[in-house]
Amino acid sequence: MTKGQQFDYEFGGPMGALATMVSLPVVTLLLTYWASAGRVDLDGILADDDASCRFSSDGGASDDGPASSLGRVINSDVLCPSCNDSRTLLACASVIFLWFLFQVLLERILPCERVEGAPLPDGSGRRLHYRINGHLAFWVTLLMMDVAWPRWVQSGAGNDTKSALAFGRAPLTWLYDHYSTLAFVTIIWTILLSSYLYVKSFGGGLLLAAGGDSGNPFYDFFIGRELNPRWGSFDWKEFCELRPGLVGWMLLNLAMMSKQYERLGYVTGSMILVNVFQGLYVWDALYQERAILTTMDITTDGFGFMLVFGDLAWVPFTYSLQARYLVDHDPMLSWPTLVSILGVNAMGYLIFRGANGQKDAFRRDPNSPEMSHLTFLQTKRGTKLLTSGWWGIARKVNYTGDWIMGLSWCMLCGFNSIVPYYYAIYFAILLVHRSIRDDHMCQEKYGEDWARYKAIVPYRFVPGII
Numbered sequence: 001m002t003k004g005q006q007f008d009y010e011f012g013g014p015m016g017a018l019a020t021m022v023s024l025p026v027v028t029l030l031l032t033y034w035a036s037a038g039r040v041d042l043d044g045i046l047a048d049d050d051a052s053c054r055f056s057s058d059g060g061a062s063d064d065g066p067a068s069s070l071g072r073v074i075n076s077d078v079l080c081p082s083c084n085d086s087r088t089l090l091a092c093a094s095v096i097f098l099w100f101l102f103q104v105l106l107e108r109i110l111p112c113e114r115v116e117g118a119p120l121p122d123g124s125g126r127r128l129h130y131r132i133n134g135h136l137a138f139w140v141t142l143l144m145m146d147v148a149w150p151r152w153v154q155s156g157a158g159n160d161t162k163s164a165l166a167f168g169r170a171p172l173t174w175l176y177d178h179y180s181t182l183a184f185v186t187i188i189w190t191i192l193l194s195s196y197l198y199v200k201s202f203g204g205g206l207l208l209a210a211g212g213d214s215g216n217p218f219y220d221f222f223i224g225r226e227l228n229p230r231w232g233s234f235d236w237k238e239f240c241e242l243r244p245g246l247v248g249w250m251l252l253n254l255a256m257m258s259k260q261y262e263r264l265g266y267v268t269g270s271m272i273l274v275n276v277f278q279g280l281y282v283w284d285a286l287y288q289e290r291a292i293l294t295t296m297d298i299t300t301d302g303f304g305f306m307l308v309f310g311d312l313a314w315v316p317f318t319y320s321l322q323a324r325y326l327v328d329h330d331p332m333l334s335w336p337t338l339v340s341i342l343g344v345n346a347m348g349y350l351i352f353r354g355a356n357g358q359k360d361a362f363r364r365d366p367n368s369p370e371m372s373h374l375t376f377l378q379t380k381r382g383t384k385l386l387t388s389g390w391w392g393i394a395r396k397v398n399y400t401g402d403w404i405m406g407l408s409w410c411m412l413c414g415f416n417s418i419v420p421y422y423y424a425i426y427f428a429i430l431l432v433h434r435s436i437r438d439d440h441m442c443q444e445k446y447g448e449d450w451a452r453y454k455a456i457v458p459y460r461f462v463p464g465i466i
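Mapping of the sequence shown onto the working numbering: position 365 corresponds to residue 365, and the numbering continues sequentially without gaps.
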């Protein structure tokens, strides 16, 4: 940005970024509470005045003032779960830290494919190298949780008692029992990590993200100043994009299924399908790990609170709400209904994977025989924009498939509560906003060619509608 040039803010500018950073942690904790309650319940969010009286200056109850308000928050099981139980809080914090460390260890020691990323936006033509082994880490994690969880067992009696290290299935139901507290300590972790990355970004010789170098600390903290923060070959952004949060989401789902089995003695059709649907989604992302190297998150956005919180807290603890809801509020859907929802998910996956697979294959080798039937627009930049196949239907047809899959997850929870449908509502807003950002960036990137492309492919999501 040159001197005197106005910065092009997004997300409502600094105030919007600040409001988002304050509200998202609160929304996350509210959603975990509402999934348990089965409805939007505004009662009991804050502790009553009796519970907060210890925070008044004279030891008595205080009906107003900052001390009383702070006490009601700290004593709230919703906004500050286990804050009055230091042992539980410490245990959950340890689990989150060790989980993150375990995934880092897998990324470092497992065999990998070394892949080049997209050219850096500084014009140097330089490309970063990435270790691609998320798919293997996915299966190693599942294997360990199923048969290789370590624990000490006691044998014998009296003076003959012996301890031995044994391996078995991880006690996943513990994740259900401490769901909200785990979300809370993860939020704290994302704030700490974002703070470290913000301070780190002021080091010399670092490539900054154009959108995160406004000079406003609130906005830059939110967007992220450094484009590709690294420790040697360890890339913070690429790692967090898929590993701890996405695989953690799947484990939380498995924990909810284990809890339902513990309570009912069986697992319902809805719970099985939500684990299958979302497990497939996680597996697909990790199997196609190299595809994220050309996404906006990697190539354009800095790594700040927006992505740190989204990857590590928002994804695992709000995307798992359908499974959490089903533990206590399963609608016991009929088999014909479940089969119909399976069809909806299959349609969404077909669109999503077909469109993304076609795009990735075309980017790798547009001249391959498999791509010969596709038409494209040759741009003045030298790149090619697909105008047929999936990408001739709509400019963001992959988003459409993604949303349809998400809707099927919500439908598995029946129609008695809006809480499980938060995902479909939120994701629609997210995808519309992201498509607007994409359109703005492509307009700047391609100029008149983008207008020509939009004339050839006029619809954004659904042909003939929008």
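By construction, these hints were calculated from the structure, which means they are not laboratory data.
Treat the hints with care, since some could be wrong.
If you anchor each label on the Cβ, the simulated ranges turn out as follows [what the hints assert, rightly or not]:
1. 234 - 444: 43 to 49 Å
2. 262 - 215: 17 to 23 Å
3. 23 - 215: 19 to 25 Å
4. 174 - 451: 33 to 39 Å
5. 23 - 91: 24 to 30 Å
6. 94 - 454: 26 to 32 Å
Because the structure is a prediction, the values reported are computed rather than measured.
Don't be surprised by glycine CBs; every beta carbon is placed ideally from N, CA and C.
Outcome of the hint check:
no.	hint	result
1	234 - 444: 43 to 49 Å	violated (32 Å)
2	262 - 215: 17 to 23 Å	violated (53 Å)
3	23 - 215: 19 to 25 Å	holds (24 Å)
4	174 - 451: 33 to 39 Å	violated (55 Å)
5	23 - 91: 24 to 30 Å	holds (28 Å)
6	94 - 454: 26 to 32 Å	violated (52 Å)
In terms of the numbered hints stated before, the structure departs from hints 1, 2, 4, 6, listed from lowest to highest.
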